[in-house]
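Enquirer: Sequence:
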Amino acid sequence: MTRSRAQDPNVCGVTAAIAVIDGKWKTSLLWLLESGPHRPAELRRRLPGLSEKVLTQALREMEEDGLVHREVYDVLPPKTVYTLTGFGRDLSEALGPVSDWGHRRLNQLRERGQTS
Numbered sequence: 001m002t003r004s005r006a007q008d009p010n011v012c013g014v015t016a017a018i019a020v021i022d023g024k025w026k027t028s029l030l031w032l033l034e035s036g037p038h039r040p041a042e043l044r045r046r047l048p049g050l051s052e053k054v055l056t057q058a059l060r061e062m063e064e065d066g067l068v069h070r071e072v073y074d075v076l077p078p079k080t081v082y083t084l085t086g087f088g089r090d091l092s093e094a095l096g097p098v099s100d101w102g103h104r105r106l107n108q109l110r111e112r113g114q115t116s
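Number 35 in the UniProt record's numbering belongs to position 35 of the sequence shown; there are no gaps in the numbering.
I should point out that these hints are in silico values taken from the structure, not numbers from a laboratory.
Mixed in with the good hints, there may be bad ones.
Calculated pairs, EDC-like style, for lysine to aspartate or glutamate (alpha carbon to alpha carbon, straight line, at most 16 Å) [what the hints assert, rightly or not]:
hint : residue 1 : residue 2
1    : Lys26     : Asp74
2    : Lys24     : Asp74
3    : Lys26     : Glu93
4    : Lys79     : Glu111
5    : Lys24     : Glu61
6    : Lys26     : Glu52
7    : Lys24     : Glu52
8    : Lys26     : Glu63
9    : Lys53     : Glu42
10   : Lys26     : Glu64
11   : Lys26     : Asp90
Restraint-style ranges between C-beta atoms, simulated for each label pair [unchecked claim]:
hint : residue 1 : residue 2 : range
12   : Asp22     : Gln108    : 18 to 28 Å
13   : Asp74     : Arg110    : 44 to 54 Å
14   : Val11     : Val75     : 13 to 23 Å
15   : Cys12     : Asp100    : 14 to 24 Å
16   : Thr85     : Asn10     : 36 to 46 Å
17   : Gln108    : Phe87     : 31 to 41 Å
18   : Pro37     : Asn10     : 33 to 43 Å
19   : Gly66     : Arg110    : 35 to 45 Å
20   : Ser28     : Asp90     : 15 to 25 Å
21   : Leu106    : Ala16     : 19 to 29 Å
22   : Arg46     : Arg89     : 31 to 41 Å
23   : Glu34     : Tyr73     : 17 to 27 Å
24   : Leu109    : Asp74     : 45 to 55 Å
25   : Thr15     : Tyr73     : 34 to 44 Å
From the three backbone atoms N, C-alpha and C, an ideal C-beta is built for every residue, glycine too.
Please take these sequences and the hints and turn them into a complete structure.
Expert: Here it is in structure tokens:
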């Protein structure tokens with residue numbers, strides 16, 4: 001799915017929402033930022049396998065989509081902190097039932113694997 005689909009007024013709302021969170025790391029970043037402000041290095045430590053380049057790209061896209069706010073403090077060394085915006089919190093809350101469904105599905109798959 002392309003990012004342009006997130007801005008296409010002729011797609012359904014679910015498609016527009018999924019286009020905003022599409023990718024391997026964005027839902028995990030949303031989940032971590034729910035707990036409060038984080039610096040980029042903290043986010044990388046909490047998500048092993050996430051490269052600095054991909055983190056930067058994902059956070060920039062999330063900022064562009066209005067999900068996160070980036071605060072740069074004028075200190076040396078520079079300090080950058082990311083927080084969820086109100087719009088980002090709304091999306092995170094909306095994903096709660098999807099997360100619940102995903103956990104039920106994983107449990108169902110686990111149960112099926114035990115009976116096979």
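Enquirer: All hints, please: hold or fail.
Expert: Here is how each hint holds up against the structure:
1. At roughly 27 Å between alpha-carbon atoms, lysine 26 and aspartate 74 are farther apart than 16 Å, so this suggested pair is violated.
2. At most 16 Å may separate the alpha-carbon atoms for a hinted pair to count; lysine 24 and aspartate 74 exceed this at roughly 32 Å.
3. The hinted pair formed by lysine 26 and glutamate 93 meets the criterion: a straight-line CA distance of about 15 Å does not exceed 16 Å.
4. Restraint check for lysine 79 and glutamate 111: not satisfied, since their Cα atoms lie roughly 46 Å apart, outside the 16 Å limit.
5. Taking the CA atoms of lysine 24 and glutamate 61, the gap is near 13 Å; set against the 16 Å cutoff, the hint holds.
6. For a cut-off of 16 Å, the pair hint linking lysine 26 to glutamate 52 stands: about 14 Å separates their Cα positions.
7. A hinted pair counts as satisfied when its Cα atoms are at most 16 Å apart, and lysine 24 with glutamate 52 qualifies at roughly 14 Å.
8. About 11 Å separates the Cα atoms of lysine 26 and glutamate 63, which keeps this hinted pair within 16 Å; it holds.
9. For the proposed pair lysine 53 and glutamate 42, the alpha carbon gap of about 15 Å is at most 16 Å, so the pair holds.
10. Distance hint between lysine 26 and glutamate 64 is fulfilled; the C-alpha atoms sit about 13 Å from each other, no more than 16 Å.
11. Between lysine 26 and aspartate 90, the direct Cα distance comes to roughly 15 Å. Compliance with the 16 Å bound is thereby established for this hinted pair.
12. The supplied range of 18 to 28 Å is met by aspartate 22 and glutamine 108, whose beta-carbon atoms lie about 25 Å from each other.
13. At roughly 50 Å, the beta carbons of aspartate 74 and arginine 110 sit within the given window of 44 to 54 Å.
14. Between valine 11 and valine 75, the C-beta spacing of about 43 Å breaks the proposed range 13 to 23 Å.
15. The beta-carbon spacing between cysteine 12 and aspartate 100, approximately 22 Å, falls within the hinted interval of 14 to 24 Å.
16. The beta-carbon spacing between threonine 85 and asparagine 10, approximately 26 Å, falls outside the hinted interval of 36 to 46 Å.
17. The supplied range of 31 to 41 Å is met by glutamine 108 and phenylalanine 87, whose beta-carbon atoms lie about 32 Å from each other.
18. The beta-carbon spacing between proline 37 and asparagine 10, approximately 36 Å, falls within the hinted interval of 33 to 43 Å.
19. Distance hint for glycine 66 and arginine 110: a CB-CB separation of about 37 Å, consistent with the stated range 35 to 45 Å.
20. Between serine 28 and aspartate 90 the C-beta distance comes to about 18 Å, which sits within the given range of 15 to 25 Å.
21. Checked against the hint of 19 to 29 Å, the pair leucine 106 and alanine 16 passes, with Cβ atoms roughly 26 Å apart.
22. Distance hint for arginine 46 and arginine 89: a CB-CB separation of about 19 Å, inconsistent with the stated range 31 to 41 Å.
23. For the hinted restraint 17 to 27 Å between glutamate 34 and tyrosine 73, the CB-CB distance of approximately 22 Å keeps it satisfied.
24. Distance hint for leucine 109 and aspartate 74: a CB-CB separation of about 50 Å, consistent with the stated range 45 to 55 Å.
25. The supplied range of 34 to 44 Å is met by threonine 15 and tyrosine 73, whose beta-carbon atoms lie about 37 Å from each other.
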